[in-house]
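Going by our numbering, the sequence shown opens with residue 78, and the numbers climb by one from there.
These are calculated hints, taken from the structure and not from any lab test. One or more hints might be untrue.
Restricting the straight-line Cα-Cα distance to at most 30 Å, the calculated cross-link-like pairs of lysine-lysine (BS3-like) are [claimed, not checked]: (1) K336 to K412; (2) K100 to K412; (3) K270 to K100; (4) K100 to K173; (5) K336 to K270.
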Amino acid sequence: MSTTQNQASQAQSKLTAAVNGEKSISVFFTPREQKPVCNEACSGCYYFANYTPGQSAISAVEVPAVLRALSEAGFSNQFLMTSELLLAPNWRDLVKLAGYNYINTNGRIIVRRGIPLLEEIAEAGVRQLVITANLPPYNEELNLTRPEIVQGAFDVINQYNGANPNSAFVTVATVILTSRNYDAVPALCADVKELYRANKVRFIAYIPLTGGVPSLAASREQLAVAGEQITAMRDFYDPAELYVARGGTIGSQGLSSAKRSSFCPAGETLFAVRSMDEGSPVSPCIYIPSVNVGSVVDGRVILDEQLQLAFRETKQRAIDQGYCPAFALAGGLVK
């Protein structure tokens with residue numbers, strides 16, 4: 078396996094652990110005290126789309142204690158979910174505590190602070206930077222960070238990589254597929270490679286969470302086309318040149334029976350929490366905030382076996398139909 082493939086795969090190691098049975102949990106927090114989204118977000122963070130105002134958001138300074146408590150409770154892997162991790166005053170500590178070698182960012186802060194920030198990120202042990210792509214005309218319907226900012230972020234990173242080959246970042250462009258661009262995977266791969274000069278492209282499906290646009294969600298047939306094109310592009314590109322990855326939200330169509338059986342760890346070994354307030358719900362994954370499989374009791378995450386069983390049955394129906402469970406639930410495709 079090449080260095081690029083190895084580094085790119087490390088960011089998925091915790092999710093793989095979840096699939097293999099280790100309990101993992103996503104912790105939502107706000108990098109700034111005043112509100113649950115931040116000024117650097119596009120216009121309200123995708124992850125906080127279903128944030129409940131009545132709950133107290135976990136603040137960045139509270140995260141270390143929360144992660145330690147969750148680790149002691151048996152959640153061996155923790156995912157940090159926020160609008161812009163690099164805005165947290167203690168982001169270095171959080172990266173170290175969570176064992177991260179990657180950071181998700183919309184790129185604004187990289188454009189604003191430039192090479193000095195990338196030097197800090199490299200010193201913190203981060204080796205992979207993940208940015209959501211905005212490639213006209215394919216993403217025009219989505220309210221994403223402006224194309225010139227995304228391009229600018231990749232340009233700054235490429236400049237840093239050229240001058241610092243020993244600490245160069247692996248770059249990942251996350252591409253959101255919709256009902257409008259589902260069949261443009263080859264063109265999107267080419268743009269990611271030529272314009273962003275990214276090492277990896279990861280395709281995910283648009284999920285119309287609260288405030289989203291249902292008509293932009295691809296149909297099952299469209300997702301099947303996207304899946305076939307992703308597979309074709311995997312064969313077309315040398316992984317050392319461009320590593321093409323398929324996110325779970327694309328669905329289970331076209332996967333082998335073995336992969337389908339371990340397709341989604343949500344609600345079994347993977348969970349999410351948005352607040353540590355008493356009684357706050359525990360959801361199966363970051364994209365399914367409306368489903369509860371437990372709650373916070375006395376500062377602890379307590380799972381409910383009956384709620385877990387009910388969700389697993391719903392989840393299996395979605396997978397049997399070829400969907401990602403979160404995608405199917407958001408679109409009312411399963412009950």
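So, going through the hints one by one against the coordinates:
Using a Cα cut-off of 30 Å, the hinted pair K336 and K412 holds, with the two alpha carbons roughly 23 Å apart. Note on K100 and K412: the hinted pairing holds, with a Cα-Cα distance of about 25 Å set against a maximum of 30 Å. For the proposed pair K270 and K100, the alpha carbon gap of about 35 Å is over 30 Å, so the pair is violated. Between K100 and K173 the CA atoms are separated by roughly 19 Å; this keeps the pair inside 30 Å, and the hint holds.
Restraint check for K336 and K270: the C-alpha separation of about 28 Å stays at or below 30 Å, so the hint holds.
Hint check: a violation occurs at hint 3 only; the rest are consistent with the structure.
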